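So you can see what is in the structure, the chains are spelled out below.
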Amino acid sequence: MSPKRIIPCLDLKDGRVVKGTNFVGLRDAGDPIERGAFYAAQGADELTLLDITASSDNRNTLLGIIERIAARVFIPITVGGGVRSVDDVRRVLRSGADKVSLNTAAVDRPQLIAEAATAFGSQCVVLAIDARRSGERWEVVTHGGRTATGLDAIAWAQQGVALGAGEILLTSIDRDGTLQGYDTALLAAIAAVIPVPLIASGGAGNLAHLAAAFTAGHADAALAAGIFHKGQHTIAEAKAYLAQQGIPVRPIVRSAT
Amino acid sequence: MKTTNQGEPLFAPTDDATESEQWHATTGNEAAATQNSKLKTQNSIVVVDYGLGNLRSVVNAFASIGYPATLSSDAAAVRAADRVVLPGVGAAGEAMRRLRELGLDDAVREAATMGKPTLGLCLGMQLFFDYSEENDTPCLGILPGKVRRLNPGINVGQQGGPLPAPTVGTEALQQGEPRAPTEIATVSTIYNLQSTIKIPHIGWSQLTVCHAHPLLTGMDGEYIYFVHSYICEPMIADIAWATADYSGEFVAIAGRGNVIAVQGHPERSDVVGLGFLKRFAEWQVL
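Heads up: the sequence lines are chains B and C, in that order. Following this note's numbering, the numbering of the first sequence begins with 1 at its first residue and continues without gaps. Following this note's numbering, the numbering of the second sequence begins with 1001 at its first residue and continues without gaps.
Simulated from the structure, these hints should not be mistaken for laboratory data. Wrong hints could be hidden among the right ones.
[Stated by the list, open to error] Ranges between beta-carbon positions, derived for each pair: (1) B:Thr118 x C:Gly1141: 34 to 42 Å; (2) B:His218 x C:Val1271: 26 to 34 Å; (3) B:Ala208 x C:Ala1076: 30 to 38 Å; (4) B:Val18 x C:Gly1218: 35 to 43 Å; (5) C:Glu1101 x B:Lys230: 50 to 58 Å; (6) B:Asp87 x C:Val1271: 33 to 41 Å.
It should be emphasised that the depicted structure is a prediction, and the values quoted were computed from it without experimental measurement. We put the CB at the ideal spot given by N, CA and C, even for glycine.
Please take these sequences and the hints and turn them into a complete structure.
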């Protein structure tokens, strides 16, 4: 089995990490570059930056951050938030991101997925789906859950892959921020129907939740924010725990360069 | 950095194919760069820019280890370089079209033929081979073999098991020497990829080094990051220098003489990848 990935997510607002907690050894927990390097040194398999800046005035701030982080952190970097056009995708990639995550803009105009995949390859197009349970199904929502779309999450995931998405980043809005664990039923339902890797998101509150994303949820990667940001667990601890559970992970190597 | 200039339009489009820049990482490692500056004057590294993929991370990675590299789409600059890197992600057809348009296909081939250290990364590795199934694309023909889709339906092998022992000596494989049909082994027949794999293969996979080589020192058993939907099928087993496992073995690193190609992304593979790039930057081809 291929190693499962652990992906810390940094929420950025106006160029700063939201909810920065001061760790030992970090001068500035709000600095995304320091935080990124910190997680990479702990053995993070990838890094995701999610720009939640409300206005588009600070887009160049984001590009500057991507440039600086890509010059210092040598693991794959995914950037999401406010990416609305193929030109946006190009600018983010040219700044040093490896992948771009599309969310609302793809719901508004699904063809954006195809355009980005054609221009830059499916491998750098991540479709981010925010889903909320609605009776016996899951509905796609946008704007952090404020806007219902009427789309069925399973059907949207399948359509996204058909259009060229190379990965699905699936967030349970019901669980997001609750620390109650991923919605493994949602994950398993999507994992069963898509041929591309699935990244679990929303709700991780302890290490057992990470394991459940891979076992019950059949995810290929787990994205988490709170449990790492608050210093509750290090990524190294998470990997040691997963390995103990028989889940394959990349061991942490910080040896010679 | 021009992308952070206040006056620039938001997300202004750039002409990827012609944009050419020298870009130095600004964080750290100045000491290493100074230390290496004497060597660098005879050690120029050009990263071939044909407008596809995250080329900056390759330049960033070299800069971080004290070997500034130049990103260029100019064939003359590639010809003038001491070391040539062909990176890239994206589709083979579009990549070859752009390389041809810019005259970069011949420039890269020349580097390989002239004995310069020549490195292909990811799609760059695939383009080194004769042919890619992706978009039915004739490629550079620097390494013998073809590229085919990582396809559950096709990848199911008959025999399984490890790579065979080399059947042909490297001395028989020098440039220009014809290969007798009896010496050609289709490496793919020995792979046994299971049928339920996700494509693209995205993630870290462990390397099994099967060819002792100074560039691969310490890499056996280490992990590097992969993102790919196609795999290389060397026509000759002994150009396969390392394999990785993704529900079955595939060729992760191939090479011959002054040419080396990696299916993964050393520039995104943390200390393991940076160590490899450093050895490439310092590689003295015998």
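Structure-based check of all given hints:
Remark: the range hint 34 to 42 Å for threonine 118 of chain B to glycine 1141 of chain C is contradicted by a beta-carbon distance near 27 Å. For histidine 218 of chain B and valine 1271 of chain C, the Cβ-Cβ distance of about 31 Å falls inside the hinted range of 26 to 34 Å, so the restraint holds. Here the CB-CB span from alanine 208 of chain B to alanine 1076 of chain C is close to 59 Å, at odds with the stated 30 to 38 Å. Distance hint for valine 18 of chain B and glycine 1218 of chain C: a CB-CB separation of about 39 Å, consistent with the stated range 35 to 43 Å.
The supplied range of 50 to 58 Å is met by glutamate 1101 of chain C and lysine 230 of chain B, whose beta-carbon atoms lie about 51 Å from each other. At roughly 35 Å, the beta carbons of aspartate 87 of chain B and valine 1271 of chain C sit within the given window of 33 to 41 Å.
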